[in-house]
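Q: One line per chain: the protein sequences are A and B, in this order.
Quick note: the first sequence uses my numbering, first residue 491, plus one each step.
Quick note: the second sequence uses my numbering, first residue 4, plus one each step.
Worth flagging that the hints you see were computed from the coordinates, not collected in a lab.
Treat the hints with care, since some could be wrong.
[Said to hold, decoys possible] Derived EDC-like pairs: lysine to aspartate or glutamate, alpha-carbon spacing no greater than 16 Å straight-line:
| no. | chain 1 | residue 1 | chain 2 | residue 2 |
| --- | --- | --- | --- | --- |
| 1 | B | LYS145 | B | GLU111 |
| 2 | A | LYS585 | B | GLU109 |
| 3 | A | LYS504 | A | ASP537 |
| 4 | A | LYS561 | A | ASP537 |
| 5 | A | LYS511 | A | ASP605 |
| 6 | A | LYS504 | B | GLU109 |
| 7 | A | LYS602 | B | GLU6 |
| 8 | A | LYS504 | B | GLU32 |
| 9 | A | LYS511 | A | GLU587 |
| 10 | A | LYS602 | B | GLU32 |
| 11 | A | LYS504 | B | GLU17 |
| 12 | A | LYS585 | A | GLU557 |
[Said to hold, decoys possible] Here are the in silico distance ranges between beta carbons for each label pair:
| no. | chain 1 | residue 1 | chain 2 | residue 2 | range |
| --- | --- | --- | --- | --- | --- |
| 13 | B | ASP53 | A | ARG565 | 18 to 24 Å |
| 14 | A | GLN580 | B | ILE45 | 45 to 51 Å |
| 15 | B | SER31 | A | MET608 | 53 to 59 Å |
| 16 | B | ALA59 | A | THR613 | 28 to 34 Å |
| 17 | B | ARG146 | A | MET535 | 34 to 40 Å |
| 18 | B | ARG146 | A | PHE566 | 40 to 46 Å |
| 19 | A | ASN588 | B | HIS72 | 21 to 27 Å |
| 20 | B | MET140 | A | GLU581 | 14 to 20 Å |
| 21 | B | ASP53 | A | THR613 | 55 to 61 Å |
| 22 | A | GLU557 | B | LEU105 | 29 to 35 Å |
Ideal Cβ placement from N, Cα and C applies to all residues, glycine included.
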Amino acid sequence: MPNTKSVLLVDDSKFARLLVKAFISSNFANWEIDEAEDGAKALEMVDAKTYDYMLVDFNMPGMDGIELGEKLRSRFPGAVIALLTANIQQEIQNKAENLGLDFIAKPPTEDKIRDYIMSREATR
Amino acid sequence: MIELTELEHDTISELINIGVGRAASSLSEMVDQPVELTVPAISFVERFSDSELANAPTEVVSAVSQSFHGPFTGEAMLVFPEVRSLELVRSLLKVDVPLDTLTDLEQEALMEVGNIILNACLGSISNVLGEPINCSMPTFRKRETRALLDDETAGGSAATNPVLMILHVQFMLRQNDIDGYVLFVMDLESIQMLRELVRRFLANSLG
Numbered sequence: 491m492p493n494t495k496s497v498l499l500v501d502d503s504k505f506a507r508l509l510v511k512a513f514i515s516s517n518f519a520n521w522e523i524d525e526a527e528d529g530a531k532a533l534e535m536v537d538a539k540t541y542d543y544m545l546v547d548f549n550m551p552g553m554d555g556i557e558l559g560e561k562l563r564s565r566f567p568g569a570v571i572a573l574l575t576a577n578i579q580q581e582i583q584n585k586a587e588n589l590g591l592d593f594i595a596k597p598p599t600e601d602k603i604r605d606y607i608m609s610r611e612a613t614r
Numbered sequence: 004m005i006e007l008t009e010l011e012h013d014t015i016s017e018l019i020n021i022g023v024g025r026a027a028s029s030l031s032e033m034v035d036q037p038v039e040l041t042v043p044a045i046s047f048v049e050r051f052s053d054s055e056l057a058n059a060p061t062e063v064v065s066a067v068s069q070s071f072h073g074p075f076t077g078e079a080m081l082v083f084p085e086v087r088s089l090e091l092v093r094s095l096l097k098v099d100v101p102l103d104t105l106t107d108l109e110q111e112a113l114m115e116v117g118n119i120i121l122n123a124c125l126g127s128i129s130n131v132l133g134e135p136i137n138c139s140m141p142t143f144r145k146r147e148t149r150a151l152l153d154d155e156t157a158g159g160s161a162a163t164n165p166v167l168m169i170l171h172v173q174f175m176l177r178q179n180d181i182d183g184y185v186l187f188v189m190d191l192e193s194i195q196m197l198r199e200l201v202r203r204f205l206a207n208s209l210g
């Protein structure tokens, strides 16, 4: 995967960010991966930089992932945005779909994250 | 105390089974090994110390807890012996990190595991019953078993409705000799609402 892409991980769990970052780095070596621990920080970061991928947790202090996803989607209609969450309730999945967000159920695994990005890369 | 018909009892057990089964599958994905589960046991007690779970009252446990709110409210907990928690974190990490970092990450890692496991349980139950359930942020506590529920959020209204329904499922990771359990604690009002939802679910399912 020669092209460098940029990814923003938004998750209040440092552990979750560490895992997902490691999974992406080991498969897409040159990609830039930034982290935000909550929605407010993520919104600051997207003011300064445009991301190809945004992976957003649902259950975070302050703004939840659906609220953040809605703001990100309205600002970046063409970006790939996925809700990466342990909350597998159908209602949350429906809300994500209605906002044009992909849904990835936690736990993140290397195969799951790699396959998701590969499939998205194939359609871009 | 609380009378459940055999069918209601079976249905609640099955709901928990589905939820914990999904949780076990999540845990198994995280640690790359099979996770064994016991059959869910439901018991009603007035105090946590009356439950069989308090048989080793001075054992120190690590617990990740999330309160849930919806048609019924309560607290869900993932509990395991404190002495094995670093081993569990080591199994979860697929990347090499130094021991110092591992220790630093312990609480973060266990909270994320708890978040995934408890949401898998509650999310599956919500999906079966068709009722949204909101979960709070996870909290972490490390303490003796006898003090596990000594918290204002744990079984919060137990003072006014002194009945706790304890749904207990044990999970085991044999390769790492780790075991723990998932605990749901609800008060009388919530138990009655859960029973009502189960009755409706049965009525719809059985036509």
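Q: Does each hint hold? Answer for all of them.
A: Checked hints:
For a cut-off of 16 Å, the pair hint linking LYS145(B) to GLU111(B) stands: about 13 Å separates their Cα positions. Pair hint LYS585(A) plus GLU109(B) does not hold up; C-alpha atoms about 33 Å apart against a cutoff of 16 Å. Taking the CA atoms of LYS504(A) and ASP537(A), the gap is near 22 Å; set against the 16 Å cutoff, the hint is violated. Annotation: proposed proximity of LYS561(A) to ASP537(A) holds, straight-line Cα distance about 12 Å (limit 16 Å).
For the hint linking LYS511(A) to ASP605(A), the alpha-carbon distance of about 15 Å falls within 16 Å, and the restraint holds. For the suggested pair LYS504(A) and GLU109(B), the alpha carbons sit about 11 Å apart, so the restraint of at most 16 Å is met. Pair hint LYS602(A) plus GLU6(B) does not hold up; C-alpha atoms about 44 Å apart against a cutoff of 16 Å. Annotation: proposed proximity of LYS504(A) to GLU32(B) is violated, straight-line Cα distance about 19 Å (limit 16 Å).
Of the supplied pair hints, the one linking LYS511(A) and GLU587(A) is violated, its CA atoms being roughly 24 Å apart against a limit of 16 Å. Taken as a hint, the LYS602(A) and GLU32(B) pair is honoured in the structure, with Cα atoms around 10 Å apart against an allowance of 16 Å. At most 16 Å may separate the alpha-carbon atoms for a hinted pair to count; LYS504(A) and GLU17(B) exceed this at roughly 34 Å. A threshold of 16 Å between alpha carbons decides the hint, and for LYS585(A) with GLU557(A) the separation of about 10 Å falls inside it, so the pair holds.
Separated by about 55 Å at the C-beta atoms, ASP53(B) and ARG565(A) break the suggested range of 18 to 24 Å. Range check, GLN580(A) to ILE45(B): Cβ separation about 25 Å, and the 45 to 51 Å hint is violated. For SER31(B) and MET608(A), the hinted distance range of 53 to 59 Å is not satisfied, since their beta carbons lie about 23 Å from each other. Distance hint check: the CB atoms of ALA59(B) and THR613(A) are about 54 Å apart, inconsistent with the given range 28 to 34 Å.
Distance hint for ARG146(B) and MET535(A): a CB-CB separation of about 38 Å, consistent with the stated range 34 to 40 Å. Range check, ARG146(B) to PHE566(A): about 45 Å between beta-carbon atoms, so the 40 to 46 Å window is met. A hinted range of 21 to 27 Å holds for the C-beta pair ASN588(A) and HIS72(B), which are about 23 Å apart. MET140(B) and GLU581(A) have their C-beta atoms about 19 Å apart, which keeps the hinted 14 to 20 Å range intact.
Between ASP53(B) and THR613(A) the CB atoms are about 57 Å apart, so this pair conforms to the stated range of 55 to 61 Å. A C-beta distance of roughly 34 Å is found between GLU557(A) and LEU105(B), which places it inside the suggested range of 29 to 35 Å.
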